[in-house]
Amino acid sequence: MAASGTGPAAVGTAAVRDESDSGSGAVLVDGGGVEGGVESGPVDVRDAARPPRPWTWVAAVAALVLAAQFATMLVRNPNFEWDVVGHYLFSAEILRGLLTTLYMTVIAMLIGIVFGGVLAACRVSDNPVLRLFAGGYIWVFRGTPQLVQLVFWFNIALLVPTLGLGVPFGPTFLQADANAVITPFLAAIVGLGLHEAAYQAEIYRAGLLSVDEGQIDAARSVGMTPGAVFFKIQLPQAMRFIVPPTFSQIIGMTKGTALVSVIGGAELLFAAQEIYSSTFQTIPLLIVACVWYLVATTVLNFVQYFIEAHYAKGAVRVPRSGIQALAARLLARRTAAQTAQVAQTERTADRAPDDEHTHGKERDHG
1 MAASGTGPAA VGTAAVRDES DSGSGAVLVD GGGVEGGVES GPVDVRDAAR
51 PPRPWTWVAA VAALVLAAQF ATMLVRNPNF EWDVVGHYLF SAEILRGLLT
101 TLYMTVIAML IGIVFGGVLA ACRVSDNPVL RLFAGGYIWV FRGTPQLVQL
151 VFWFNIALLV PTLGLGVPFG PTFLQADANA VITPFLAAIV GLGLHEAAYQ
201 AEIYRAGLLS VDEGQIDAAR SVGMTPGAVF FKIQLPQAMR FIVPPTFSQI
251 IGMTKGTALV SVIGGAELLF AAQEIYSSTF QTIPLLIVAC VWYLVATTVL
301 NFVQYFIEAH YAKGAVRVPR SGIQALAARL LARRTAAQTA QVAQTERTAD
351 RAPDDEHTHG KERDHG
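1 is the number of the first residue of the sequence shown in full-length UniProt numbering; add one for each residue after it.
In short, the hints are calculated from the structure, not lab data.
All C-beta atoms in this analysis are idealised placements derived from N, C-alpha and C, irrespective of residue type, glycine included.
Don't take every hint at face value.
When the alpha-carbon atoms are kept at most 25 Å apart in a straight line, the in silico SDA-like pairs for lysine to any residue are as follows [as the list claims (entries may be wrong)]: (1) 255 to 293; (2) 255 to 202; (3) 255 to 89; (4) 255 to 140; (5) 255 to 273; (6) 255 to 280; (7) 255 to 93; (8) 255 to 110; (9) 232 to 243; (10) 255 to 102; (11) 232 to 122; (12) 255 to 290; (13) 255 to 92; (14) 232 to 308; (15) 232 to 221; (16) 255 to 70; (17) 232 to 306; (18) 255 to 86; (19) 255 to 282; (20) 255 to 142; (21) 232 to 206; (22) 232 to 309; (23) 255 to 81; (24) 255 to 283; (25) 232 to 220; (26) 255 to 152; (27) 255 to 307; (28) 255 to 84; (29) 232 to 213; (30) 232 to 205; (31) 232 to 121.
Pair ranges (Cβ atoms, derived) [claimed, not checked]: (32) 311 to 222: 22 to 32 Å; (33) 179 to 227: 37 to 47 Å; (34) 264 to 223: 55 to 65 Å; (35) 160 to 132: 16 to 26 Å; (36) 132 to 72: 57 to 67 Å; (37) 218 to 273: 54 to 64 Å; (38) 152 to 96: 22 to 32 Å; (39) 248 to 227: 23 to 33 Å; (40) 338 to 230: 31 to 41 Å.
Please build the complete structure, drawing on both the sequences and the hints.
What follows is the structure, given as structure tokens:
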């Protein structure tokens with residue numbers, strides 16, 4: 001019997017049958033030919049496996065060795081002074097610095113998100129002046145280091161000794177000494193917020209441009225207003241591309257507040273520096289600061305996953321990080337428990353009429 005569809009061509013003509021509805025849950029691939037003198041039949045692709053990759057196991061063993069060596073160093077090296085770390089981990093100075101770090105992060109991100117939205121609107125505007133303004137702002141603030149900008153705003157009094165509020169090119173109604181107004185905290189949130197706005201503007205612009213132009217034209221053709229098109233068509237789809245980088249920026253902002261210690265801002269790292277400058281226990285205090293930075297960023301990673309899951313409904317998900325995978329498992333367990341509870345309630349409700357009917361018959365019989 002002549003073999004039809006043998007060799008590599010058989011792969012291209014293979015028929016795929018999904019038998020999940022039949023109860024087996026198998027997805028079968030029909031080879032439809034003869035290979036090596038043996039007729040090939042349906043193959044369950046669930047049994048397919050990747051070819052062995054020994055180098056991945058070599059890399060895994062090397063990673064385990066390095067991790068074990070690092071863990072041994074953490075335990076046996078007395079210079080880490082873990083007792084000192086435990087002593088200062090919840091000290092009042094460290095907790096005040098942590099609270100200041102969180103305040104700076106929230107306020108600076110609010111400035112960046114709001115002003116970044118304004119810049120993004122100018123960036124995609126039909127007005128060339130607005131586009132030029134937004135482009136120039138983004139060019140300057142993204143092109144200069146964040147630390148330089150913080151030092152600049154802290155020393156703005158050298159450039160403008162007196163700050164005033166009034167009519168442009170007209171009279172001034174309110175004046176104040178710049179040195180008295182620009183504190184390290186204010187210089188920090190202004191510098192961090194304005195720097196962040198440049199990045200947020202590009203994130204917004206990329207998210208809005210990811211929406212298919214055909215959908216926008218179709219919405220306009222049925223009479224939707226520009227506001228309705230933006231809030232009902234563009235924004236929900238753009239959020240899938242806006243949320244992940246925005247949360248990455250929030251995490252980066254939380255760590256970036258450490259730069260404020262250069263200008264004397266009383267944040268977490270500055271609090272640790274104040275302590276070890278008098279006790280000379282540098283490494284333990286730096287570990288304390290690192291622990292709290294890790295705690296803050298880990299919580300933000302969990303929040304990021306749940307918000308991403310909300311906006312990514314119906315979309316193909318990207319590979320998750322380890323923390324996000326853990327959050328996904330916790331959410332799946334919670335959902336399964338809620339589903340089981342609802343099913344149990346429904347079964348109880350279904351049995352109630354039957355029980356009442358049975359008791360009624362017993363009373364009638366009696």
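Open item on the list: Run through the hints listed earlier and report the numbers of any the structure violates, in increasing order.
Closed with: none
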